[in-house]
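**Student:** Letter by letter, the chains look like this.
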Amino acid sequence: MLGRLGGVVLVVWGAATLGFIVLKLIPGDPVDVMLGVQTQVSDETKDAIREDWGLNQPLLAQYFGYLGRLLGADLGQSYQLRQPVATVIAQQLPSTLQLTLLALVFALVLAAASALFARSRRTGRVVSVLELVVISSPAFWTGLVLIAVFAFGLGWFPVAETNTPRSLVLPALALALPVAGIVSQILRQGLDAAERQPFATTALARGATRSRLLTHHTLRHAATDSLTISAYLVGSLLSGAVLVETVFARPGLGRATLRAIIDRDLPVVLGIIVLAAATFAIVNLIVDVLYRVVDPRLRETS
Amino acid sequence: MSLAITTRLARGRVPRFGGVIVAAVFLAVLAAAAVLPGLFTPIDPLQTEISNSLAAPSLAHPFGTDQTGRDVFSRVIHGTQHSLVIGLVATVLALVAGLVIGTIAGIAPRAVDTVLSRIIDVLMAFPELLIALLVIAILGPGESSLVIALGIASTPVYARVARIQTLVVRRSGYVRAAKTIGVHPLATVVRHVVPNTLGPLLVMATIGFGTSIAAAAGLSFLGLGSAPPTPEWGLILSEGRNFLGTAWWIAVFPGLAVTGTVIAATVFGRRLLAHRAGRTS
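Sequences listed follow chains A and B, in order.
Residues 1 to 302 (my numbering) are what the first sequence spells out, left to right.
Residues 1 to 281 (my numbering) are what the second sequence spells out, left to right.
Keep in mind that the hints were calculated from the coordinates and are not lab data.
Note that the structure is a prediction, hence the values are computed from the model and not measured.
Ideal placement from N, C-alpha and C gives every residue a C-beta, glycine not left out.
Fair warning: there could be bad hints in the mix.
[What the hints assert, rightly or not] Quick partial rundown of chain B residues pointing at chain A, CB under 7 Å, derived from the structure:
1. M124
2. A125
3. L129
[As the list claims (entries may be wrong)] Residues of chain B clear of chain A, computed beta-carbon distances all greater than 12 Å:
4. P42
5. Q47
6. R110
7. L202
8. R241
9. V258
10. T261
11. H275
[Claimed, not checked] Which bits of chain B does chain A cover? Going by a derived footprint, with three or more residues having C-beta under 8 Å, they are:
12. 135-144
13. 209-223
14. 246-257
15. 262-269
Based on the provided sequences and hints, a complete structural model is requested.
**Tutor:** Set out below in structure tokens:
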């Protein structure tokens with residue numbers, strides 16, 4: 001367990017260091033980036049800004065200063081917004097969390113429904129084509145189609161609102177569909193594999209019904225398989241949010257990332273990278289623990 | 001979608017023969033449209049006709065027209081070239097970089113291997129889109145940064161497979177035999193290791209090509225790739241976003257092209273993967 005926690009620290013440190021090195025390699029003076037191209041500023045002012053932001057210190061001092069501040073959860077200051085990066089993130093996080101959590105619920109419900117109800121050969125074939133289609137449709141395009149059909153065409157959902165619960169449905173659905181396709185595929189593969197196992201035959205021989213076999217035996221095995229992609233799910237929901245938030249003109253972390261990239265607001269970009277690394281490392285850690293809960297076989301070997 | 005997940009999913013159902021033929025035909029048509037767009041449409045993709053703006057699909061304009069009266073069908077056809085080239089170059093870039101890094105990790109001393117593998121692991125913990133965004137943040141938006149960003153983003157997956165494959169080949173009889181008869185280690189790598197790693201990587205690249213095209217469309221949609229008025233699928237989509245209520249066709253058709261390409265590449269790649277694994281049904 002301690003070793004795994006060390007792994008989390010290692011990943012975050014690696015991402016922070018990689019990010020720091022990369023940002024220092026970028027050609028161009030950050031002061032010029034901060035000021036924008038059109039402003040004429042004297043060299044003294046520029047020096048003062050450099051002094052202010054600690055950009056005139058030796059690289060190693062900057063690096064360790066940065067790591068030190070990171071330990072205190074200080075992600076630095078945004079060049080463009082003149083706010084702490086942590087504040088920028090904290091402002092945008094709730095909106096993205098709402099979106100991604102609802103999308104996660106949608107994805108799991110859809111995936112479970114398709115995996116559980118498409119157990120016959122024929123429905124299985126239809127579902128596998130559907131899966132291929134939703135997996136292959138980029139979330140931003142699915143979003144556009146959903147808006148065209150359900151907001152403009154049928155008028156079931158608001159077009160331009162962003163802060164009502166109703167306005168959350170379409171973006172969450174757009175984000176959920178590709179993920180649902182993947183989870184459903186993994187679940188069905190897992191169920192198929194589990195049904196071929198001796199314990200499934202034994203259960204049937206003892207007189208268990210198909211549905212009992214599913215709920216009491218094979219589903220547990222399939223769920224373990226699906227756990228392996230949890231980290232991927234989180235990543236795909238968070239990165240999908242960048243596109244979906246733009247499509248639906250919703251505020252959120254995804255759009256903040258995009259704006260930071262276009263404005264070259266590098267402290268914000270770096271802050272989001274570090275946050276993302278920490279999130280993925282922690283999710284992986286949780287998954288490792290969950291494995292042991294779901295699959296007793298793993299508990300004995302450790 | 002991430003390449004790592006697609007290749008993992010490919011272990012499941014093997015696409016049927018009919019589906020593979022349809023996918024191959026679709027890809028062939030795309031290639032033809034990329035090389036000879038004039039064969040499919042006589043209309044110039046940049047030709048504006050204000051009097052006929054936002055016209056619904058008709059015989060003259062099968063995909064309708066956009067806000068300046070440009071023919072959407074022609075823009076999608078001419079966009080094929082941009083999207084395919086971006087996808088192809090990004091995939092080749094990732095394949096070559098992954099092959100080099102993976103092979104080095106596979107034959108290098110343990111310490112080097114450990115460091116490289118750790119870096120690959122850290123990079124694979126991130127979604128590809130996020131890595132691509134970071135690279136674009138550094139290089140600045142534009143078509144060439146887009147290609148480089150997509151290439152770098154999918155390199156770790158190829159590197160991981162190349163490394164594992166190299167480790168396997170290294171222990172094989174013929175590599176030992178080559179070593180015994182005094183073949184130079186470098187010659188062994190070029191003649192025996194790389195050809196054996198290339199097969200699985202090329203199959204992955206088939207699927208990766210589709211993912212790269214979708215990712216490129218997404219990044220162009222965000223305004224980080226091609227610049228207007230280039231007929232690029234993602235860019236046409238982003239222009240169509242403003243007219244969803246009045247002219248759904250501008251956004252829908254280029255998206256269909258992206259989705260179709262991804263599906264075709266995935267079906268084709270899955271079949272190849274199953275073929276390599278020796279499964280035919």
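**Student:** Hint by hint, which ones does this structure get wrong, listed from lowest number up?
**Tutor:** The structure breaks hints 1, 8, 9, 10; every other hint is satisfied.
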